[in-house]
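*Asks:* Starting from the structure of chain A, add chains B and C where the hints point.
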Amino acid sequence: MTDALRAEVVIRRHDGFSLDVAFTAPSGETVALLGPNGAGKSTLLGAVAGLVTVDRGFVSVGDRVLTDTTNGVLVPPERREMGMVFQESLLFPHLDVLDNVAFGLRSTGRSTGEANGLARRWLERLGVGGLASRRVDGLSGGEIQKVALARALATSPVVLLLDEPVSALDMSARLETRRFLGDHLGRFRGPRIVVTHDPTEAFVLADRVLIIEEGRVLQEGPTDELFTRPATQYVADLLGDNRLRGRRTDPTTVWVGQAELTVVEGQTGEDVLVTIRPEVISFFPAQPEGSPRNRWQTIVTGLERRHGVVRVHVGDPLPLVGEITPSGASALGITPGADIWVAIKATEIDVIPV
Amino acid sequence: MRALGCSRTLRLFSVALAGLLVAGGVGCDSRADETVLVLAAASLTDVFTEIGPLFTEETGIAVEFSFAGTSTLREQILDGAPADVFAAASPEIMDEVVGADATSGDPTVFATNEMAIAIPPGNPGDVQGIEAFAEDDLFIGLCAPTVPCGSFGLEVLQNAGVNPAPDTEEPDVRALLTKIEAGELDAGFVYTSDLAAAGDSVIGIPIPSDINVVVHYEVAALVDAGSGADSFISFLDREVAVSVLESYGFSIP
Amino acid sequence: MNRPVPRLIVLLGVVGALFVILPIIGLVDRVPWNRLGSLLADPVVLDALGLSLISSLGATAVVLVVGIPLAWLLARASFPGRGLLRAVVTLPMVMPPVVGGAALLFAFGRSGLVGAPLDTATGIVLPYSLWAVVMANSFIALPFLVLTIEAGFRSLDSRYEGVAATLGAGRWTVIRRVTLPLIGPSLATGAVLAWARALGEFGATVTFAGNLGGTTQTMPLAVFVALESDRDAAVALSLILVVISLAVLVLLRDRWWGAR
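Chains A, B and C, in that order, give the protein sequences.
Just so you know, our numbering puts 8 at position 8 of the first sequence, and the rest follows in order with no gaps.
Just so you know, our numbering puts 156 at position 156 of the second sequence, and the rest follows in order with no gaps.
Just so you know, our numbering puts 52 at position 52 of the third sequence, and the rest follows in order with no gaps.
The shape of chain A in the complex, shown without the other chains:
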């Protein structure tokens, strides 16, 4: 399967909201549609799935045209072969877990026995085979999303669509489910689209990111590039600062590029997402004394004043953005090109396994 998803969607609603987005999702890649609530992301996903009527648009997977308003093509959702997972479970409450997963198989004409057998295998493949005979209302949030993914995958879709798949979960379930999704998205060979309002989720799950705001694409690109080089301040604010991929080489050490960070203890050998909020970075004119475990000398690469603070960009070995007060900045004599020491407490660095 090497078929890319192509979508151009124009929707105008009576309330004045309009959506006008075009994107391509290559096979084997995960594209995140990232933006605040109300940006039109879920509507876009619905339009791709054929659940939302478009005013003008074109949707295709490989050579197969699914929507083409110019030529009057509109394939109904049940023949689009798209697997979908929603934020809230939306597992059918009147069916048990196995019947939920078997639903699509039975709807497309398989016998009950065959459908149940396949459904059971999918549940086992996703590590939730033990839930088969459970009622939906007794499942945890994480279990629900695993079953929902099994249900979507069981029909062998050509595209996977996930709408805020972990947003409704609590913190610990979110972490685990996100990792689970990451694993299984990686094994799915078609294009996969994840709608999210959470930059962390986009960062962890996606190969490419589309930033969507008020129905328009603000920026688009490979995840790492987008996070390191936001095109506008708005995008930068949306993404947040200092989000970095790393790897834990021993319980309290994480390497990010050529930089070594001392962090709170965790599991050795895992890939992690490191987030350092700008206000926790301290600047010193010379090597600081005392407790901070992470300190190094670097160079100021840029300065900007915003919202009453000075944002200080520093360069290698670890490009970061910090924030200090204007008086602090002048006292330290911070100017572009100046040498400076940076210090960060280990407890101030967020490390999330991915």
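What the hints contain is simulated information worked out from the structure, not anything from laboratory work.
Computed from a predicted model, the values in this text were never measured in an experiment.
We put the beta carbon where it would ideally sit given N, CA and C, even for glycine.
A hint or two may mislead.
[Stated by the list, open to error] Residues from chain C shown here face chain A by an in silico Cβ test under 8 Å; the list is partial: (1) Arg159; (2) Tyr160; (3) Gly162; (4) Val163; (5) Ala164; (6) Leu167; (7) Leu182.
[To be verified] Covered stretches of chain C (in silico footprint by chain B; criterion: 3 or more residues with CB under 8 Å from a CB of chain B, positions within the stretch not fixed): (8) 106-112; (9) 124-133; (10) 204-210; (11) 224-236.
*Replies:* Then chains B and C, alone, in the frame of chain A:
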């Protein structure tokens, strides 16, 4: 109850209630006001509604009517409905009420009525006489045998030696007349007074007197009736009331 | 946390319950128990009972078949005059049943708007038949079903149907396997309300279908006619109607909603 006053509305309401509630007699003292409450057979609806204002004009006594099937009224009276006068379309039912000691005076016949065949304008069933009641193809309506117009109708049929093939047995004569007027029935038995009241909307075919039934309308004051009760009963014999009764197709004995 | 129920709520609730229970006790109190057996064996009563069951169940089937699609349209389709249509569909609930029966007569009677051409074309006359009883019952019962099911459709998250579609289910499969099961409780409630209303229907039935033992005389009509001559019999017949309704409502409630 007395503290609330014995308004006419209240008394009418309690009559209606008496038909529904198992406990009868809402305890309104009928002597305490000047309204005569008359329970009257449904077939008297039009004529009494016209006589009422004449009575009030003549005597200064207000009058209220509650019309229903005679047997329904009997139930209400036996349940203790606080009324003054009972005007019945059936002497048998009046006898039952008398037998239950619910009247204060002897019943008197104030009018008679006869049965007639009613057909819709245009006579869609081509009904010529009482024989039509035996025809299966026609839509024939009777009153239910438990109400007077039903039992009288059956009596007429029996006198004529006709075995009826009814399509419906209506709960009262008004319902039957309505269906005939609407053209939903080809023929049915109603009172001659109903024909007079219905005007052009139905056509009447007289029944020969040798097989017809004469219906005696009786009136009596009820126990605990106010003084107005006797005034009303005697008013029914007055010339002004008699002419109204006659104009509605009733005969005067 | 089991907080005590406020006394005012208990008081008013008890008043509400008694308001219903006391008349029923009054009815039971008047039942001529020694005659009950012979009344129940009376062919007129058996006929009326049979007709009542057939016509009320028939009416329930009719209103399910046309009421579910109607509720669907009212809940989900958008078309001009939808609010007006909903109000009109509700009318049989608020109009006196006798008026409803007369309206049916004017439409479907022998000389009615539809009835007259029907008679001319086919010779079929609806009044005075079991069909007319079912129609009268359906007319009165329909709004109970439609309003209940419309509320069910409205409270249903339509994304369930969207998910089902993405899983490959066609429209009818979605309706059969997702929509209807999800509004199951509303369906059951609506059907039971409609059935109960049909079982007790008097005014529209007697006006449109007439009253003839063995053909159109249902239990409420038999009760009314009996009331004219033999009140003991009327009370006994009413008791039968009450017992049947109560039995069905209690049994179905346990089965469909689970005894809680």
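*Asks:* Determine for every hint whether it applies to the structure shown.
*Replies:* Evaluation of the provided hints:
1. Arg159: 6 Å, holds
2. Tyr160: 6 Å, holds
3. Gly162: 4 Å, holds
4. Val163: 5 Å, holds
5. Ala164: 7 Å, holds
6. Leu167: Constraint on C:Leu167 satisfied, holds at 3 Å.
7. Leu182: 6 Å, holds
8. 106-112: holds (count 4)
9. 124-133: holds (count 3)
10. 204-210: holds (count 4)
11. 224-236: holds (count 8)
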